[in-house]
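As you go down the protein sequences, you meet chains A and B in turn. Just so we're aligned: 73 in our numbering is position 73 of the first sequence, and the numbers increase by one with no gaps anywhere. Just so we're aligned: 45 in our numbering is position 45 of the second sequence, and the numbers increase by one with no gaps anywhere.
It is worth saying that the hints were derived from the structure and are not from the lab. Remember, predicted model here, so these are calculated numbers, not experimental data. Worth double-checking, as some hints may not be accurate.
Copies of the same chain are indistinguishable here, so a pair counts whether it falls within one copy or spans any two.
Stated by the list, open to error - Below, computed lysine to any residue pairings styled on SDA-like, alpha-carbon distance capped at 25 angstroms:
| hint | residue 1 | residue 2 |
| --- | --- | --- |
| 1 | 47 | 89 |
| 2 | 85 | 16 |
| 3 | 67 | 104 |
| 4 | 74 | 5 |
| 5 | 74 | 62 |
There are 2 protein chains.
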Amino acid sequence: MRRDIFQAIADPTRRAIIVLIAVQAMTPNAIAEHFDTTRQAVSKHLKVLTECELVQPQQQGREIYYKLQIDKMKEIDHWLEQFRKIWESRFDQLDNLLETLKKQQK
Amino acid sequence: MRRDIFQAIADPTRRAIIVLIAVQAMTPNAIAEHFDTTRQAVSKHLKVLTECELVQPQQQGREIYYKLQIDKMKEIDHWLEQFRKIWESRFDQLDNLLETLKKQQK
DNA sequence: TACTTGTGAAACCAATCGGTTGCGCATATA
DNA sequence: TATATGCGCAACCGATTGGTTTCACAAGTA
């Protein structure tokens, strides 16, 4: 199933999971201990994250370690790039200057 | 109403609206012309974007211009910062190297 | 072999989402 | 004043979401 990465990071629990496994790969059970939900709920979140390739499962015996695919996070960064151009531009700085002048006039 | 910016950018139409008004402030009618939906649907999206302060309305006669608050986008950038640290780190590069070696062994 | 452990999948549920239509209300304009 | 325009809000609707409980199954362990 094709998934949207932005929809994947919309959920706060999912974002917390991402932060958690960014440090090191973890099993669903280990992850669930950090939250006030069932393992199954975490499993569902991991499914979403896997479907959009933000996370990759690695079977090890009967345990499955989920590892963050940090490269995929760059997709968000890439989308932000167009706005970074704006907020770093002089036009934006001019805009802020005009706003400040406007407020001073009041 | 308090809103989550990540939930706000989860919707593709909403992201398109953000890109659209990044160039210049626009009215709901003008925005709606760019999409295959009603003005009311766009109005709802703008409400969500306004509630999380990604967008600001500016009344002008009977028209309302919606302007992107580019500064708010930095919040996403800020969340990404922790991952940027990882993907720019040598540990990550070492990780990739190990992965490559592993594949070559097969 | 019997039991325990780690896991995903299915069925269900209330809440939320993104869309529509219909409405009311200002603000131009004739 | 009457009419047209731009807009937000409310009510409604089907689809999706995030959670739960129950179950099945493979992998270790007694």
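Checked hints:
no.: 1; hint: 47 <-> 89; in the structure: neither (40 angstroms within a copy, 28 angstroms between copies)
no.: 2; hint: 85 <-> 16; in the structure: between (28 angstroms within a copy, 17 angstroms between copies)
no.: 3; hint: 67 <-> 104; in the structure: between (52 angstroms within a copy, 21 angstroms between copies)
no.: 4; hint: 74 <-> 5; in the structure: both (11 angstroms within a copy, 18 angstroms between copies)
no.: 5; hint: 74 <-> 62; in the structure: neither (31 angstroms within a copy, 42 angstroms between copies)
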